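Starting from the structure of chain A, add chain B where the hints point.
The lines below spell out each chain.
Number of protein chains: 2
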Amino acid sequence: MFENKERTDLALLGEFGLIKHLTSNFKINHESSVKGIGDDAAVLNFEQKQVLVSTDLLLEGIHFDLAYMPLMHLGYKAVQVNLSDIYAMNGMATQITVSIGLSSKFPLEAVEELYKGIELACNKFNIDLIGGDTSSSKQGLVISITSIGYAEKNEVVYRSGAQEGDLLCVSGDLGGAYVGLQILEREKLIFLENPNIQPDLEGKDYIIERQLKPEGRKDIVSLLSQLEIIPTSMIDVSDGLASEIIHICTQSEVGCTIYEDKLPIDPMTYETARELGLDPTVCALNGGEDYELLFTIKQADYEKLKHDVDVTVIGHMTDKASGAKMISKSNVVHELKAQGWNAFKL
Amino acid sequence: MFENKERTDLALLGEFGLIKHLTSNFKINHESSVKGIGDDAAVLNFEQKQVLVSTDLLLEGIHFDLAYMPLMHLGYKAVQVNLSDIYAMNGMATQITVSIGLSSKFPLEAVEELYKGIELACNKFNIDLIGGDTSSSKQGLVISITSIGYAEKNEVVYRSGAQEGDLLCVSGDLGGAYVGLQILEREKLIFLENPNIQPDLEGKDYIIERQLKPEGRKDIVSLLSQLEIIPTSMIDVSDGLASEIIHICTQSEVGCTIYEDKLPIDPMTYETARELGLDPTVCALNGGEDYELLFTIKQADYEKLKHDVDVTVIGHMTDKASGAKMISKSNVVHELKAQGWNAFKL
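Sequence lines, in order, name chains A and B.
For the first sequence, this note's numbering gives the first residue as 1, with consecutive numbering after it.
For the second sequence, this note's numbering gives the first residue as 1001, with consecutive numbering after it.
If we strip away everything but chain A, and leave its shape as in the complex, we get:
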């Protein structure tokens, strides 16, 4: 992984030295960050706003494979995945803490790559790194990120607010990250069989990027705010559209009907899925890791949103007894099932 590069042993820096070295480039931008790294705890000030907190644990061999995930991309993605949860509350993300466990296979230069990705994500999304923990690990790379943000009290959007008749919307397109992963897995297998063959990723940039470099939809939260729309419910699409729809239905105690022909699928996702013998609709429904926002709006808000090309209305909410359904292109009714990722079945 780092064969031809300089290798500096982490033990030379020690824990405090390492933290200082890695975080010296990071700047504090938010007024709400009263005190960042350097004391027992960070100190934040959100005045009257509500504070949003979300946390994720990413483990090598479970959530990422360093064989095809460059460390800089991993750092970037780890942050994005977390911010996405704050945006899914209709909030603005402002701070993160980053804890990492590092086995001895990682020299300083590798950790610097990881932090370059973290820094890139922080800069792009205006996030202050305010704390964390750094340790050696006997177990490969461990990343734990907690993201913090805020929203006005009346603007926080839960999974539980959808009502019968509301329109179900999703940002961007679906299934790309999953199909991108299949391409990466295929090329990894080919490489393992014959290390002389270069990976063939030509023409797959978009879906590879969807997998390796997803972007939290801060822009959608801003758009909704500009359009003066407060969604009635919202969730981010991390485990697959079907699974997230069922979360909203369960917590809001409503049903839902979506239409297969409305699902936003990028042509590259569609073509590549077919190439791999996969059903593009299944990829969109169950693929996961798209980090798009899935939300419901009142019908009255549709006029405000209808010209936005990056949001698609894919269905509407029904009564609880009707359950979560998809009407296929051939007009057959399918029940939606959560085939989302089970972290314990690997």
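If you are wondering where the hints come from, they were derived from the structure by calculation, not from laboratory data.
If you're wondering where the values come from, they're calculated on a predicted model, not measured in any experiment.
Check the hints yourself; a few may be wrong.
Heads up, simulated DSS-like pairs for lysine-lysine below, C-alpha to C-alpha not over 30 Å straight-line [to be verified]:
1. Lys188/A <-> Lys1105/B
2. Lys1306/B <-> Lys138/A
3. Lys1306/B <-> Lys1325/B
Beta-carbon label-pair distances, calculated as ranges [claimed, not checked]:
4. Ser1225/B <-> Lys153/A: 27 to 37 Å
5. Ala321/A <-> Gly1017/B: 49 to 59 Å
6. Ile1190/B <-> Lys153/A: 54 to 64 Å
7. Asp319/A <-> Gly1017/B: 36 to 46 Å
Ideal Cβ positions, reconstructed from N, Cα and C, are used throughout, including at glycine.
Just chain B now, kept in the frame of chain A:
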């Protein structure tokens, strides 16, 4: 570890089922916890107060050894270690998030033990569990906890506020957790050589408990508030007294003189250290994991505190040029050195 017990495979529950199962007993007590587990992010409301956030990563084989650390104790300790950082800001801890990674060697029953300890700590210290993440792990047990608390703006205490002439105080006693660990390590070695020998921990209850079941000093934060003392600086003793004193000196730009004969060392710590051929003073200075509070107060506040038996004045702050010094029992001046734990030198 769990040989004679029932074993339920975690995959049977899945991620969401496991979280629900483990957290169903936990109650939300704080008004500031607007929404806990069950949405994309937790929602908190601290009104005008400042928000404190701290995070720790605990890895099997690095931070704990399941050979002598029962899972319930581990859960309890993992929470306490985190809360301690909030108390060290002179704040009240109110919420935690808990993320765990579990390898397949852990059946449900083991994870339940871990969560029993987490629950015990939450109940005792009035903490709401408001979120987290649960995943399988290829690499043993991973625990990441983020603790959240609050303080009034003018009551947050940093490491950087100590001034020349301030008195240096420490709560409780020092070195016990380290000496307790030495006993546990000794008994582990004996056990590995001859599994028929039962561990000999007789008469060592206090120091074993200091290692396995430390308590964050919430009571000291309450005491200081009652006495109307706002320390000028504060830190918790996790890496050893000497290391923490140096943090305060560096960040406050002052020096410090402490007196060996003032160091609070419990008789059991003292005797056991001697028994093991260790210098009790060195154990107190460099042992770590005591989770006591080390703080400085204005001399004028001494009158308010002097009758409290659980706080010891161990020295006073001097000018920066004088450095951090200890006057030994035989009146020799030693320079304090941070021999705190280096997580990368193992």
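Beta-carbon spacing of Asp319/A to Gly1017/B - inside the hinted bounds 36 to 46 Å or not: violated, 26 Å
Given hint Lys1325/B paired with Lys1306/B - CA-CA distance at most 30 Å: Holds, at about 23 Å.
Satisfaction of hint between Lys138/A and Lys1306/B, Cα-Cα up to 30 Å: Roughly 46 Å separates the two Cα atoms, so the pair is violated.
State, for the Cβ atoms of Ile1190/B and Lys153/A, whether the hinted interval 54 to 64 Å holds or is violated. holds, 59 Å
Could you say whether the range 49 to 59 Å given as a hint is met by the Cβ separation of Ala321/A and Gly1017/B? About 24 Å separates the Cβ atoms of Ala321/A and Gly1017/B, which means 49 to 59 Å is violated.
30 Å Cα cutoff - pair Lys188/A, Lys1105/B: holds, 29 Å
Would you say the C-beta atoms of Ser1225/B and Lys153/A sit inside 27 to 37 Å of each other? holds, 28 Å
In summary, the numbered hints that this structure violates are 2, 5 and 7.
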